[in-house]
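K.L.:
Below, each chain spelled out in residue letters.
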Amino acid sequence: ETGVTQTPRHLVMGMTNKKSLKCEQHLGHNAMYWYKQSAKKPLELMFVYNFKEQTENNSVPSRFSPECPNSSHLFLHLHTLQPEDSALYLCASSQDAHTYEQYFGPGTRLTVT
Amino acid sequence: AQTVTQSQPEMSVQEAETVTLSCTYDTSESDYYLFWYKQPPSRQMILVIRQEAYKQQNATENRFSVNFQKAAKSFSLKISDSQLGDAAMYFCAYRSRGYMRFGAGTRLTVKP
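Note that the protein sequences, when read in sequence, are chains B and L. Numbering-wise (my numbering), the first sequence opens with residue 1 and increments by one. Numbering-wise (my numbering), the second sequence opens with residue 1 and increments by one.
Since the hints were made in silico from the structure, they are not lab data. Treat the hints with care, as some may be off.
Below, a list of computed lysine-lysine pairs in the DSBU-like style, where the Cα atoms sit at most 35 angstroms apart [as the list claims (entries may be wrong)]:
1. L:Lys78 <-> B:Lys40
2. B:Lys41 <-> L:Lys111
3. B:Lys41 <-> B:Lys52
4. B:Lys40 <-> B:Lys18
5. L:Lys78 <-> L:Lys111
6. L:Lys111 <-> L:Lys73
7. L:Lys111 <-> B:Lys36
8. B:Lys18 <-> L:Lys73
9. B:Lys41 <-> L:Lys78
10. B:Lys18 <-> L:Lys55
11. L:Lys78 <-> L:Lys55
12. L:Lys73 <-> B:Lys40
13. L:Lys55 <-> B:Lys41
14. B:Lys36 <-> L:Lys55
15. L:Lys70 <-> B:Lys41
16. B:Lys40 <-> L:Lys111
17. B:Lys52 <-> B:Lys40
18. B:Lys36 <-> L:Lys73
19. B:Lys40 <-> L:Lys70
20. L:Lys111 <-> B:Lys52
21. B:Lys22 <-> B:Lys52
Taking the hints into account, I'd like the entire structure generated from these sequences.
P.N.:
See the structure below:
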């Protein structure tokens with residue numbers, strides 16, 4: 001148990017649906033991250049939040065919209081996704097966004113049909 | 001841009017034997033951190049070991065140790081006395097100034 005939880009664990013959605021992924025960390029960390037893990041590709045950092053402020057957006061399409069209401073919660077809002085967006089979406093947290101190791105959640109397996 | 005390269009997509013080791021996973025990285029920074037993460041089939045990524053670039057001494061965590069060669073920009077992971085539970089994807093990662101980059105991973109199989 002790493003102290004980072006993600007819901008749902010599995011999600012199947014159509015291209016016209018709107019859904020949200022949720023991440024919660026119980027470690028008292030100040031930074032949270034969204035990653036995309038596709039088969040046979042390196043882990044891709046999507047967004048970084050440090051003290052609730054977004055500090056990094058790695059050219060992620062606008063159909064992915066993050067939200068960080070406080071340091072413990074992170075959401076990823078999804079709308080009009082494409083089949084190539086199917087992947088494992090991992091959330092992580094760290095003490096801050098600069099030097100500390102990250103702790104990962106179990107991921108949400110997303111399938112876009 | 002910082003890049004992390006793991007040249008071994010798959011590795012195999014006999015139980016109780018030793019295996020070394022390779023990682024090289026490219027950076028112009030002098031202050032950074034390196035990590036090895038393990039992702040078992042259950043998918044939860046966990047930290048195995050970390051190394052601060054300013055430390056010359058190689059990090060060690062029980063059966064896991066690293067060979068950090070700063071000049072060569074090399075950061076290999078050695079697993080001693082391999083156990084069946086070590087079977088997983090292993091990711092090398094680099095971190096500096098908020099940047100975090102992962103390698104493509106090495107799938108380790110442990111044979112009984």
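K.L.:
Which of the listed hints are not met by the structure?
P.N.:
8, 10 and 20
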